[in-house]
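Chain residues, written in single-letter form:
2 protein chains.
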Amino acid sequence: MRDFIFHNPTKIVFGKGKVKQIGEEIKNFGIKKVLLLYGRGSIKKNGVYDDVTNSLKENGIDWIEVSGVKPNPVLSKVHEAIAVARKENVEAILAVGGGSVIDSAKTVAAGFYYEGDIWDAFIGKYRVEKSLPIFVVLTISATGSEMNGGAVITNEKTNQKYSFWSFTSYPKVSIIDPTVQFSLPREQTVYGGVDAIVHVLEYYFDGAKGRILMDRIMESIIKTIMESVEKLIEDPKDYDARSNLAWSATLALNGLTSAGSFGGDWSSHAIEHSLSALYDIPHGAGLAIITPAWMRYVMEEDKEKFERFAKEIFKKTSAVEGIDAFKSWLKSVGAPTSLKDAGIPESDIEKITDNAAMRSPFGKLKKLYREDIKEILKLAI
Amino acid sequence: MRDFIFHNPTKIVFGKGKVKQIGEEIKNFGIKKVLLLYGRGSIKKNGVYDDVTNSLKENGIDWIEVSGVKPNPVLSKVHEAIAVARKENVEAILAVGGGSVIDSAKTVAAGFYYEGDIWDAFIGKYRVEKSLPIFVVLTISATGSEMNGGAVITNEKTNQKYSFWSFTSYPKVSIIDPTVQFSLPREQTVYGGVDAIVHVLEYYFDGAKGRILMDRIMESIIKTIMESVEKLIEDPKDYDARSNLAWSATLALNGLTSAGSFGGDWSSHAIEHSLSALYDIPHGAGLAIITPAWMRYVMEEDKEKFERFAKEIFKKTSAVEGIDAFKSWLKSVGAPTSLKDAGIPESDIEKITDNAAMRSPFGKLKKLYREDIKEILKLAI
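Those protein sequence lines, which keep their order, are chains W and L.
If you read the first sequence in the working numbering, its first letter stands for residue 1, the second for the next number, and so on.
If you read the second sequence in the working numbering, its first letter stands for residue 1, the second for the next number, and so on.
Rather than coming from a laboratory, the hints here were simulated on the basis of the structure.
Warning: the hint list may mix true and false statements.
If several chains are the same, the list does not tell them apart, and a pair holds so long as it fits within one copy or across any two.
What the hints assert, rightly or not - As a list, the in silico DSS-like pairs of lysine-lysine whose alpha-carbon atoms are at most 25 Å apart:
1. K20 / K315
2. K209 / K125
3. K44 / K32
4. K57 / K367
5. K130 / K11
6. K231 / K16
7. K209 / K16
8. K223 / K209
9. K367 / K327
10. K44 / K316
11. K327 / K311
12. K340 / K231
Values in this document were obtained by computation on a predicted structure and should not be read as measured data.
Generate the whole structure from the sequences, applying the supplied hints.
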């Protein structure tokens, strides 16, 4: 097992009806005013907005709102929120939403203290070492952002979907109430599950050896996500399935799965980010397209591990059978598994390759250059 | 899945040669003087003492030593260390050892601020809400104390082996360097593994339902510990086995396995504590004797889960077969599985029952009273 550091100070409050606890959790930090950041209004339909604002009121916490964060969150919205946070002199950011809102909140929290353009943090020009405290009420399980220090934002001017990570970006408290996810559309549940599975796969297939405990734990997470997604397609209000999916998605990217790894491969994410940057498709949908193609392209680099995956997850024997079974499962839950499924023409491959290659080479199991990216995209036609 | 809070701020630094990092980690907190607490000298033989003290020197950290903490650590040693910590005005406790040393350190760290006898924390008279910062260099993987807020101490005057838990008792930083465990005697490796397995079982068999993710993760931990212990009996310097065992033991009791549970059953531990309090046998040995007997006694309370255990861990079909297979495995690695194996006569059952019954009823899957404890002990003859 490779050396690692595990340090995750986020407090998770998990369970039914826990949203109402957010005010108290914030008050425990002596905070009096927050920026309440959310998306495009679903929280006003499912009661979460009311629960959150009532809890803030009851605990004497003032707030100012910025809404309209969209999936594949954009830099301009972050800029807008930073300006509001400064003008209103807030003491913390409260993200009520999924990964898009949380990642935006992390960027706002960091940008609050940075005089330049916070995009600098995404392109390696600025290392984030100070952030406003971040609190989270999670409304969709997918990215794991509720318990880590990472954020992904799209710069819509440059079509770059990049990320930063900082220890100061870990939320202080994240509330995960699976019941608020009862009203999610089917495809959001599915794409959330796919995103979380691929987070695990990034670590599972990064080439690190000798960490059988983590292999087993990662397989446990993958199996549970698949099973939970299947159940939720049948019954979106299956609480055990919702809660097992939610906790799986959190553990998929909170540092646990990283223990003993090379830090993950992250090629599927890197290539997918070009898809969602260029076509604004859901991240989970993009991953369903790219990941099986990446797996086919790199499987010879660690045949044994791909065979293990085939056996443990799908009771298959060969690497190819395992990858095919994964692709079939993705199809069975309604995810696109080709560029064509997502309406992206073959003729765009050059354009997508150009976008992804801006950051190449990347990848740990196999270092990918421009030509490799193109080949993977071809496998995904 | 039941509601839960997960909040574990301990920083784990895991890997080869990491012991030398301890001074820097302590210095990061601005601490200038520590109480160095350790056991009966094994750290002077395996180089750990030198690595630790050199690292303290290099980082300008002064220290005062208290040594001689023994397995099944006792209250008198804690009292001695509290007096030294106060007299020398230390700013933190550095535990270099296993669970005995760490648990003693937690008690000293709490007792430093408490005017009465810190034993009050163990008998429910005092709630620990303030502790000196605690740092750990782990030398044996077993109790998980390196990443939680619990401590178990024996009051040798009253023959009571009791515990307390406080959020202020989580170590700030714990260094887990599996190579320092290369020199452990076989039985210590085995008993450490057994202790960690039983920590998982306490949560696995506490009656909570609907947490399939955690069931799978717990099975992953148990399988990995068993496999690692077997490998280490063959080759004590198998690094992958050491590191997988070490990380398994930490995860077994750091809050992860508790997620969605009733908080664990803890009957096996409660009864075992009477054995180690009265006979000073290793905790892991006591658990190997008590746990299978407890399993036999309570299995009807959750037959389905015991059958799952049999199937997933041992490829057996019935609950009884699973328990028998577990007992056989314990024997195969050299652990005692009966009172007789440990030289404890049948005629002592009344005395052990009296000791354990002081805290009864206990247990979650089945609430155990005096007569139940006696029956379990009889099953362990």
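Each hint tested on the structure:
| no. | hint | in the structure |
| --- | --- | --- |
| 1 | K20 / K315 | neither (43 Å within a copy, 44 Å between copies) |
| 2 | K209 / K125 | neither (33 Å within a copy, 49 Å between copies) |
| 3 | K44 / K32 | within (23 Å within a copy, 52 Å between copies) |
| 4 | K57 / K367 | neither (52 Å within a copy, 42 Å between copies) |
| 5 | K130 / K11 | both (19 Å within a copy, 19 Å between copies) |
| 6 | K231 / K16 | within (19 Å within a copy, 43 Å between copies) |
| 7 | K209 / K16 | between (39 Å within a copy, 15 Å between copies) |
| 8 | K223 / K209 | both (21 Å within a copy, 18 Å between copies) |
| 9 | K367 / K327 | within (23 Å within a copy, 48 Å between copies) |
| 10 | K44 / K316 | neither (45 Å within a copy, 51 Å between copies) |
| 11 | K327 / K311 | within (15 Å within a copy, 29 Å between copies) |
| 12 | K340 / K231 | neither (27 Å within a copy, 50 Å between copies) |
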